[in-house]
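Chains A and B supply the protein sequences, listed in that same order. When you line the first sequence up against my numbering, it's residues 1 to 218, in that order. When you line the second sequence up against my numbering, it's residues 1 to 218, in that order.
No lab work stands behind these hints: they were computed from the structure. Predicted, not measured: the structure shown is a model, and the values here were computed from it. Backbone N, C-alpha and C define an ideal beta-carbon position, used for all residues, glycine too. Be aware that one or more of the hints could be misleading.
Derived SDA-like pairs (lysine to any residue); straight-line CA-CA distance at most 20 angstroms [claimed, not checked]:
{"id": "1", "chain 1": "B", "residue 1": "Lys190", "chain 2": "A", "residue 2": "Thr71"}
{"id": "2", "chain 1": "B", "residue 1": "Lys190", "chain 2": "A", "residue 2": "Arg73"}
{"id": "3", "chain 1": "B", "residue 1": "Lys190", "chain 2": "B", "residue 2": "Glu150"}
{"id": "4", "chain 1": "B", "residue 1": "Lys190", "chain 2": "A", "residue 2": "Thr89"}
{"id": "5", "chain 1": "B", "residue 1": "Lys190", "chain 2": "A", "residue 2": "His192"}
For the chain A half of the interface with chain B, some residues (derived, Cβ under 7 angstroms), not all of them [to be verified]:
{"id": "6", "residue": "Ala29"}
{"id": "7", "residue": "Pro41"}
{"id": "8", "residue": "Asn126"}
{"id": "9", "residue": "Leu127"}
{"id": "10", "residue": "Ile154"}
There are 2 protein chains.
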Amino acid sequence: MKKRRIPVVARILEANERVAEENRRRLAAAGVRAFNLISGPGAGKTTLLEATLPRLKGRVRAGVVVGDVDTTRDGERIAALGVPVVQITTRAMGGTCHLEAAAVARALDRIDLSSLDLLFLENVGNLVCPAAFDLGEKSKVTLLSVAEGEDKPIKYPQAFRVASLAVITKIDLVGPLGFDLGALRENLRKVHPRLPVLELSARTGEGMENWIEWLVRG
Amino acid sequence: MKKRRIPVVARILEANERVAEENRRRLAAAGVRAFNLISGPGAGKTTLLEATLPRLKGRVRAGVVVGDVDTTRDGERIAALGVPVVQITTRAMGGTCHLEAAAVARALDRIDLSSLDLLFLENVGNLVCPAAFDLGEKSKVTLLSVAEGEDKPIKYPQAFRVASLAVITKIDLVGPLGFDLGALRENLRKVHPRLPVLELSARTGEGMENWIEWLVRG
């Protein structure tokens, strides 16, 4: 089974890469910086965007492409903030466990890129598959909630190796969980020694300024 | 790309199904009940097993097959309990995001099934892909931590539709999170109305007896 499978996977990744490069050119031509947000389910991608978008208002013009297996729930949460949003549900694509460049290309057709400076591509909640699929983004941002445990970077290394930034979310739970932030930082260093790391809580607002500055500075 | 891809996926799933049926026959012949544990990263599969295995001692003889993309960390945690364990890392299979029946078949070769009543198949941390791959288990148990949010059953419905039991983990965090257990139960009912649900904390021990009874009764 494996012998048959690997060439197919390589072809899919090559086809994806070509479309991703088209997306990248198109975004660059429009002056839009795109960030591919990757995490496991429930790390808080949508909640972070809900806390981020109002703070960006008046500084940069942001839009969102939201990917989910099913439901348009996340897209509705973002739309409620009055921000341009396109929802992709991968159910029609066989419940694909990640966004692909072709789906993002179709989403870009439905957004006025000239009205944006920044575009978030909120991936499907999955810490494995999205790491392999370039969407044409400027950079990947991988989120991890402290509720997921200190060892996740070494167990899911690829998602952190391909990232330009790691965001540790829900740090208001460090106390209740007895979470060891030092151990997490050490595990991040093991898989990607120079990866910048931000720690924040979208709920309390702690650490949000650094994230906003990172986004605004580009 | 999609047109080319779907028949390939169907062939992979069919091949997997054949091997899964062989695994199922082999496990049944040995009188071993196997449970396929599915969850996103950090929902607490390994921690639940660490709390479960000592409580099963003297009642049922349990072993574990552990799947991870990388590292043998989870396998080492289980081995420390003096329980038969086989670790599968999917890195050699291209970093596959789920266990497949063929890998489990090879793991079964390395375990003395006659010494077991029960076998846990701890899947890769992923709430999407493992739901599509039968491993030959008696039933699938899908875990969800309260830190992941109330909406996850409707966002990742397949993992709950294929399950025989849902286990809500980390309920000691309900208070600190302001988590709405009622909303989660309602969302579980929407995707799988008759799915039994257990709520527990492996850390405090709350709810563990019901889980142990479920396992022992079969």
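Against the structure, the hints come out as follows:
With a CA separation close to 12 angstroms, the supplied pair B/Lys190 and A/Thr71 stays within the 20 angstroms bound. For the hint linking B/Lys190 to A/Arg73, the alpha-carbon distance of about 15 angstroms falls within 20 angstroms, and the restraint holds. Proposed proximity of B/Lys190 and B/Glu150 is supported: the alpha carbons are some 12 angstroms apart, at most 20 angstroms. Annotation: proposed proximity of B/Lys190 to A/Thr89 holds, straight-line Cα distance about 18 angstroms (limit 20 angstroms).
Only pairs whose Cα atoms come within 20 angstroms are accepted, and B/Lys190 paired with A/His192 is rejected, the gap being roughly 41 angstroms. Taken as an interface hint, A/Ala29 does not check out: its beta carbon lies about 24 angstroms from the nearest beta carbon of chain B, beyond 7 angstroms. Checking A/Pro41 against chain B: minimum C-beta separation of about 4 angstroms stays under 7 angstroms; hint holds. Contact between A/Asn126 and chain B, as hinted, is supported at the beta carbon level, the nearest pair being about 6 angstroms apart and thus within 7 angstroms.
For A/Leu127, the shortest C-beta to C-beta distance to chain B is roughly 5 angstroms, which falls under 7 angstroms, so the interface hint holds. Among the interface hints, the one on A/Ile154 holds; its C-beta lies about 5 angstroms from the nearest C-beta in chain B, closer than the 7 angstroms criterion.
Comparing the model with each numbered hint stated earlier shows that hints 5 and 6 do not hold.
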